[in-house]
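Peer 1: Use these hints to put chain Y onto chain H, whose structure you have.
Here the protein sequences come in this chain order: H and Y. The numbering of the first sequence is our numbering, which starts it at 1 and goes up by one. The numbering of the second sequence is our numbering, which starts it at 1 and goes up by one.
It cannot be assumed that every hint is accurate.
Unchecked claim - Covered by chain Y, per the in silico footprint, the following chain H stretches (three or more residues, Cβ under 8 Å):
id	stretch
1	9-18
2	34-41
3	65-72
Don't read these hints as lab results, they were simulated from the structure. Heads up, the beta-carbon is just placed ideally off N, CA and C, and yes, glycines get one too.
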Amino acid sequence: MKEKILSLLEDALPTVDWSSDFLFSAMDSLAVTTVLAVLSDEFKINLDSEDATPKNFMTIDSIVALVETKLNEK
Amino acid sequence: MIFEDFLRGNAERYPDKTAVVCGNKSLTYSQLWQGVLDKSATLPKGRAVVFRVSQDFEFMFTYFALHVNGSVAVPLEKDVPEEGFNEVASLVSDLKTPEGTADILFTTGTTGKKKGVMISHRAIIADGENLIEGQGFTHDTAFVITGPFNHIASLSKIYPIVIKGATLIITEGMKNVNDFFAALDMPFARFATFLVPSAIRILLQFSGEKLRRYASKIDFIETGAAPISHSDMQKLCETLPQARLYNTYASTETGIISTYNFNDLRCLEGCLGRPMSHSKIIITPDGLISCQGDTIMSGYAGDDELTAKVLKNNTIYTSDFGLIDEDGMLRLKGRVDDVINTGGFKVAPTEVESVALSMPQITDCICVAAPHPILSTALKLIYVASTNVTKKEIALYIKSKLESFKVPVFYEQADKIQRTYNGKIDRKFYRQNQ
Numbered sequence: 001m002k003e004k005i006l007s008l009l010e011d012a013l014p015t016v017d018w019s020s021d022f023l024f025s026a027m028d029s030l031a032v033t034t035v036l037a038v039l040s041d042e043f044k045i046n047l048d049s050e051d052a053t054p055k056n057f058m059t060i061d062s063i064v065a066l067v068e069t070k071l072n073e074k
Numbered sequence: 001m002i003f004e005d006f007l008r009g010n011a012e013r014y015p016d017k018t019a020v021v022c023g024n025k026s027l028t029y030s031q032l033w034q035g036v037l038d039k040s041a042t043l044p045k046g047r048a049v050v051f052r053v054s055q056d057f058e059f060m061f062t063y064f065a066l067h068v069n070g071s072v073a074v075p076l077e078k079d080v081p082e083e084g085f086n087e088v089a090s091l092v093s094d095l096k097t098p099e100g101t102a103d104i105l106f107t108t109g110t111t112g113k114k115k116g117v118m119i120s121h122r123a124i125i126a127d128g129e130n131l132i133e134g135q136g137f138t139h140d141t142a143f144v145i146t147g148p149f150n151h152i153a154s155l156s157k158i159y160p161i162v163i164k165g166a167t168l169i170i171t172e173g174m175k176n177v178n179d180f181f182a183a184l185d186m187p188f189a190r191f192a193t194f195l196v197p198s199a200i201r202i203l204l205q206f207s208g209e210k211l212r213r214y215a216s217k218i219d220f221i222e223t224g225a226a227p228i229s230h231s232d233m234q235k236l237c238e239t240l241p242q243a244r245l246y247n248t249y250a251s252t253e254t255g256i257i258s259t260y261n262f263n264d265l266r267c268l269e270g271c272l273g274r275p276m277s278h279s280k281i282i283i284t285p286d287g288l289i290s291c292q293g294d295t296i297m298s299g300y301a302g303d304d305e306l307t308a309k310v311l312k313n314n315t316i317y318t319s320d321f322g323l324i325d326e327d328g329m330l331r332l333k334g335r336v337d338d339v340i341n342t343g344g345f346k347v348a349p350t351e352v353e354s355v356a357l358s359m360p361q362i363t364d365c366i367c368v369a370a371p372h373p374i375l376s377t378a379l380k381l382i383y384v385a386s387t388n389v390t391k392k393e394i395a396l397y398i399k400s401k402l403e404s405f406k407v408p409v410f411y412e413q414a415d416k417i418q419r420t421y422n423g424k425i426d427r428k429f430y431r432q433n434q
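Isolated chain H (complex conformation):
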């Protein structure tokens, strides 16, 4: 799961350092929205702007955890 998400996001946002522990602060609004759009599309989950919090977007692992939570809610 993590490898798949990482590959999708690296392709969509090549300038982001996905190994960062402070991902949210390194992104702009377009990057955040792109993450929401790419993951909603790929996993057919309902992500909205309120999910894009500094906590959920802190690291690639927290993004993976967010996707897993949404998948379990389906």
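Peer 2: Using the frame of chain H, we list chain Y on its own:
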């Protein structure tokens, strides 16, 4: 008269009125004015001062204090690379600006060379009065800033707010939409904001239902800086049926010229309204928009030749095609040059190409406009490489040399770049094929 005279007047008339809110902190007009006076003691007098913008009180103190000192404010993008910062600092270091110059705002020209647009205190006040008249700013308006202060779209909202003694709420932008909604939860009655079309798309796509719940609190929203799609205009009208929703014609060079409330049951596509009281629009025989009035720039800093091409007889000649319809309203019809508008930022493709070509692995390239689901238009780099180079390597290289909004979103490797018979990049071919 300088614009800060209004600020000083507000500190006397409404000392306890909230002037600015940032996060969970706020300043009254009295505190803001004192902060400006304190800051002014630490800043130079009578010269142009370059600084990176920040979305906080510090920006407000610095911006106003420079004017109080008779200096000229030169605010740059917060992530402008050191090279770009030094280029501007050097350009303005010995610059003689016309009497009454308040700001120099840097934009991108068709060649990618930075253009410093000189704006007078008179233009600032005229912009503020145009917005008050055109959009109904009042003493009770609480305006949520969502964009960077070096861009005329956000900077210009300070003017009507200060003239009316209203309130400015500063946010970091639309990255954390929760912060935007938290601003709307503050104890103010009449909220207003400016959102570039891509921010409206973000809200409608990912927070449409939540936005609807705030409908009764939103007095008006203004958009501009890039064309908004007709479907987003209609969706916004449907989401906020009672709000005034404005589409504005403005640019750094022209100032705030005209505005149209598209929540008028007609929702006219591409309509930018009638010119406001300080402004006049004339369509040239070639179909290009030209503007007159107190809001227009004084010229380009240190570039008389370029100024003479755009500013003649107190008239700004733009690169926008337009017409005036039977109701006297401006309709936008596109641009004459190759500049690409992405998310409200104008980018000269030649600047991106020049940086990409300085990367040893890239032998040829073209930067084009490509459709994007959020931005409407995004930058795409089509490149020819001599050896293996990844999209990530190219993107990071360009990011190290240019501001983030100039880094292409899409990349495509090609065997060759189409050129015209005389060797120029065939931009027309790529425009027709994207």
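Peer 1: Going through the earlier hints one by one, which of them does the structure break, listed in rising order?
Peer 2: Checked against the structure, the only hint that fails is number 3, while the rest are satisfied.
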